[in-house]
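Guided by the hints, dock chain C onto chain U, whose structure is given.
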Amino acid sequence: MKKILEVRGLTKIHGPGCPLCSENTGPEAETNVCVSCGSVVAAQDVSLDLHQGEILGIVGESGSGKSTVVKTLFFDAEPSAGEARFFDGDQQLDLFSLNAARQRWLRNHRFGMVYQNPNLGLNFNVSAGGNIAERLLMSDVAHYGSIRQRARDLLTRTEVLGERMDESPRRFSGGMQQRVQIAKALATRPPLLLLDEVTTGLDLSVQARILDLILEIQHELNTAMIVVTHDLGVIRLLAGRTLVMKYGQVIESGLTDQVLEDPQHAYTQRLVASAL
Amino acid sequence: MKPLLDIDGLSKHFQLHEQQKLIPSCSAVKVTVYPGQLTALTGPTGSGKSSVLKCIFRTYLPSSGRILYCDQEGKVTDLAQASEYRILQLRRRDIGFVTQFLHCLPRKSALEITIEPLLARGVSLAEAQRRGRELLAQLRVPERLWAVPPATFSGGEKQRINLARGLIARPRLLLLDEPTSSLDPGTTENVAELIDTIKQEGVGILAIFHHPELVRRLADQTVRLQASSPGMPEPC
Numbered sequence: 001m002k003k004i005l006e007v008r009g010l011t012k013i014h015g016p017g018c019p020l021c022s023e024n025t026g027p028e029a030e031t032n033v034c035v036s037c038g039s040v041v042a043a044q045d046v047s048l049d050l051h052q053g054e055i056l057g058i059v060g061e062s063g064s065g066k067s068t069v070v071k072t073l074f075f076d077a078e079p080s081a082g083e084a085r086f087f088d089g090d091q092q093l094d095l096f097s098l099n100a101a102r103q104r105w106l107r108n109h110r111f112g113m114v115y116q117n118p119n120l121g122l123n124f125n126v127s128a129g130g131n132i133a134e135r136l137l138m139s140d141v142a143h144y145g146s147i148r149q150r151a152r153d154l155l156t157r158t159e160v161l162g163e164r165m166d167e168s169p170r171r172f173s174g175g176m177q178q179r180v181q182i183a184k185a186l187a188t189r190p191p192l193l194l195l196d197e198v199t200t201g202l203d204l205s206v207q208a209r210i211l212d213l214i215l216e217i218q219h220e221l222n223t224a225m226i227v228v229t230h231d232l233g234v235i236r237l238l239a240g241r242t243l244v245m246k247y248g249q250v251i252e253s254g255l256t257d258q259v260l261e262d263p264q265h266a267y268t269q270r271l272v273a274s275a276l
Numbered sequence: 001m002k003p004l005l006d007i008d009g010l011s012k013h014f015q016l017h018e019q020q021k022l023i024p025s026c027s028a029v030k031v032t033v034y035p036g037q038l039t040a041l042t043g044p045t046g047s048g049k050s051s052v053l054k055c056i057f058r059t060y061l062p063s064s065g066r067i068l069y070c071d072q073e074g075k076v077t078d079l080a081q082a083s084e085y086r087i088l089q090l091r092r093r094d095i096g097f098v099t100q101f102l103h104c105l106p107r108k109s110a111l112e113i114t115i116e117p118l119l120a121r122g123v124s125l126a127e128a129q130r131r132g133r134e135l136l137a138q139l140r141v142p143e144r145l146w147a148v149p150p151a152t153f154s155g156g157e158k159q160r161i162n163l164a165r166g167l168i169a170r171p172r173l174l175l176l177d178e179p180t181s182s183l184d185p186g187t188t189e190n191v192a193e194l195i196d197t198i199k200q201e202g203v204g205i206l207a208i209f210h211h212p213e214l215v216r217r218l219a220d221q222t223v224r225l226q227a228s229s230p231g232m233p234e235p236c
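Residue numbers (UniProt numbering), protein chains in the order written: chain U, 1 to 276; chain C, 1 to 236.
Bound conformation, chain U alone:
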């Protein structure tokens, strides 16, 4: 299978940063605040590979830096150091050195993001269908009829009633809002989908159906995904490989069943032992 994404040494520091940041933070230091300069090291030296059609899990508690990784990849945050290469057809793109216009283009055409908070992924001032239309317009589909048809198809696919496509997603339930977000993210058939805690805070039954939907999409479209979650059950269900993060660093990685059944790092052992 082809490699689609390669991240090396990704680092994100909030604050001035200093030469001691690296040794002052991390799982050993048990903090991500640097005592020397007060900076917060959100992610440090994160490297990962992602292949076509693969689901990679990133698991960790709040503040471990797992969301920071996908935010930088989606250009929501600028990294302090590191590289990310995106392999698209026969092109190879150095994500962090592209200009803003190219980055925007990639966001709109080749990447999809689903946020924990639907406010970030959806525009509540337009209808559910309008949200998808926005994304299609940005990716150069201009015919009104075909946009509407495609929006309807996507919403049907993600089990949002077609009759409700002209309503604002503000009035939708949390689970439905996530479905609209997924439909919007998929509108351009992106080869890379980033999912940040997409089922957190939803009812269990709703969670299950969203997770099933994600698996079906992976199966149908062979979309590569990075799934960020604190929920080991989500990782077990979705991800073939998993990274475990703590205080901004990757402390362990492996096949998901191996990470869960034979965790090597003390923290992962604690994490697995505390699962319900």
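Just so you know, the hints here were simulated from the structure itself, not pulled from any lab data.
Warning: the hint list may mix true and false statements.
To list a few chain C residues with every Cβ distance to chain U over 10 angstroms, as calculated [to be verified]:
#: 1; residue: P3
#: 2; residue: A137
#: 3; residue: L145
#: 4; residue: R170
#: 5; residue: T197
Under 8 angstroms between C-beta atoms, here's a sample of chain U residues computed to sit facing chain C [claimed, not checked]:
#: 6; residue: G254
#: 7; residue: Q258
#: 8; residue: D262
#: 9; residue: Q264
#: 10; residue: A266
Heads up, simulated SDA-like pairs for lysine to any residue below, C-alpha to C-alpha not over 20 angstroms straight-line [said to hold, decoys possible]:
#: 11; chain 1: U; residue 1: K2; chain 2: C; residue 2: L90
#: 12; chain 1: C; residue 1: K108; chain 2: U; residue 2: Q207
#: 13; chain 1: C; residue 1: K108; chain 2: U; residue 2: D212
#: 14; chain 1: U; residue 1: K2; chain 2: C; residue 2: A82
#: 15; chain 1: U; residue 1: K2; chain 2: C; residue 2: R121
#: 16; chain 1: C; residue 1: K108; chain 2: U; residue 2: H265
#: 17; chain 1: C; residue 1: K108; chain 2: U; residue 2: H219
#: 18; chain 1: C; residue 1: K108; chain 2: U; residue 2: A208
#: 19; chain 1: C; residue 1: K108; chain 2: U; residue 2: E216
#: 20; chain 1: U; residue 1: K2; chain 2: C; residue 2: K108
#: 21; chain 1: C; residue 1: K21; chain 2: U; residue 2: Q264
#: 22; chain 1: U; residue 1: K3; chain 2: C; residue 2: E84
#: 23; chain 1: U; residue 1: K2; chain 2: C; residue 2: S83
#: 24; chain 1: U; residue 1: K3; chain 2: C; residue 2: L88
#: 25; chain 1: C; residue 1: K21; chain 2: U; residue 2: E261
#: 26; chain 1: U; residue 1: K2; chain 2: C; residue 2: R92
#: 27; chain 1: U; residue 1: K3; chain 2: U; residue 2: D49
#: 28; chain 1: U; residue 1: K2; chain 2: C; residue 2: A120
#: 29; chain 1: C; residue 1: K108; chain 2: U; residue 2: L211
#: 30; chain 1: C; residue 1: K108; chain 2: U; residue 2: V206
#: 31; chain 1: U; residue 1: K3; chain 2: C; residue 2: K108
#: 32; chain 1: C; residue 1: K21; chain 2: U; residue 2: S274
#: 33; chain 1: C; residue 1: K21; chain 2: U; residue 2: H265
#: 34; chain 1: U; residue 1: K2; chain 2: C; residue 2: R91
#: 35; chain 1: U; residue 1: K2; chain 2: U; residue 2: Q207
#: 36; chain 1: U; residue 1: K3; chain 2: C; residue 2: A82
Idealized CB from N, CA, C, for every residue including glycine.
Then chain C, alone, in the frame of chain U:
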């Protein structure tokens, strides 16, 4: 004949950081499996039989030793060292694992669970369902259960679904962990016949059996593991 699987010096121990303990599992295991033959792992409880299977499947990370697997093209991979992608590829294509207990989603039907490995290999849904029904019938799973999630099934019924899922895609190497422990004699006989059939088709099998008579009947080789002496794992 070249072995399909050649394990030498395999040891596994668990380092529990919180408890500051080293738990030994299997040590210095030497096993070979040939195409079309069945190797049985025997030994007392706690001798690490299941751990050997899990190390081969890489659900456990081996502590030392090598696990050489020879694929269709004759390429040899050390499963103890291979990349995660290689392992995932072999799991999809070559290596099947029937664990002692069925782990599955409570919202999928028995038939859906059975045919998952076929779908993962790109077999069409209709064809996968046809073969799934055939196999479930062969394993004497009552037809009324096929469309039902196995959560409410009896131990023996669950075990047969688990077996069906492991056998359906005809892996080249099949790992069986007590596949008949909760089956009645009649069904055990069915399973024994099925195992015999797939052996004849050339599948290499490494198995742990609950019933000693199945070892006598099906095994071409037997490897007996010794109970590991606590506190004496191999240095790593």
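These are the hints, each one checked on the structure:
1. P3: C:P3 is indeed farther than 10 angstroms from all Cβ atoms of chain U, at 24 angstroms.
2. A137: Since the minimum Cβ distance to chain U is about 27 angstroms, C:A137 lies beyond 10 angstroms and the statement holds.
3. L145: It holds; C:L145 is separated from chain U by about 22 angstroms at its closest Cβ, greater than 10 angstroms.
4. R170: Label holds. Min Cβ-Cβ 21 angstroms, cutoff 10 angstroms.
5. T197: holds (29 angstroms)
6. G254: holds (7 angstroms)
7. Q258: holds (6 angstroms)
8. D262: Cβ of U:D262 sits 5 angstroms from chain C, so the hint holds.
9. Q264: Hint on U:Q264: holds, closest Cβ of chain C at ~7 angstroms, below 8 angstroms.
10. A266: Hint on U:A266: holds, closest Cβ of chain C at ~3 angstroms, below 8 angstroms.
11. U:K2 x C:L90: This hinted pair holds, its Cα atoms lying about 16 angstroms apart.
12. C:K108 x U:Q207: Holds: C:K108 and U:Q207 sit about 15 angstroms apart, inside 20 angstroms.
13. C:K108 x U:D212: holds (10 angstroms)
14. U:K2 x C:A82: holds (18 angstroms)
15. U:K2 x C:R121: Given pair U:K2, C:R121 holds - Cα atoms ~17 angstroms apart, limit 20 angstroms.
16. C:K108 x U:H265: violated (33 angstroms)
17. C:K108 x U:H219: holds (16 angstroms)
18. C:K108 x U:A208: holds (12 angstroms)
19. C:K108 x U:E216: holds (13 angstroms)
20. U:K2 x C:K108: violated (30 angstroms)
21. C:K21 x U:Q264: Holds: C:K21 and U:Q264 sit about 13 angstroms apart, inside 20 angstroms.
22. U:K3 x C:E84: holds (13 angstroms)
23. U:K2 x C:S83: OK: U:K2 and C:S83 at ~15 angstroms, within 20 angstroms.
24. U:K3 x C:L88: Holds: U:K3 and C:L88 sit about 15 angstroms apart, inside 20 angstroms.
25. C:K21 x U:E261: holds (17 angstroms)
26. U:K2 x C:R92: Within the cut-off at roughly 16 angstroms; holds.
27. U:K3 x U:D49: holds (7 angstroms)
28. U:K2 x C:A120: holds (17 angstroms)
29. C:K108 x U:L211: Holds, because 13 angstroms separates the two Cα atoms, which is no more than 20 angstroms.
30. C:K108 x U:V206: With a Cα-Cα distance of about 16 angstroms, the restraint between C:K108 and U:V206 holds, given a limit of 20 angstroms.
31. U:K3 x C:K108: Violated - the C-alpha atoms of C:K108 and U:K3 are around 31 angstroms apart, more than 20 angstroms.
32. C:K21 x U:S274: Holds, at roughly 19 angstroms.
33. C:K21 x U:H265: holds (13 angstroms)
34. U:K2 x C:R91: Roughly 18 angstroms separates the two Cα atoms, so the pair holds.
35. U:K2 x U:Q207: violated (30 angstroms)
36. U:K3 x C:A82: At roughly 17 angstroms apart (the allowed maximum being 20 angstroms), C:A82 and U:K3 satisfy the hint.
Hint compliance for this structure: hints 16, 20, 31, 35 are not met, and every other hint is.
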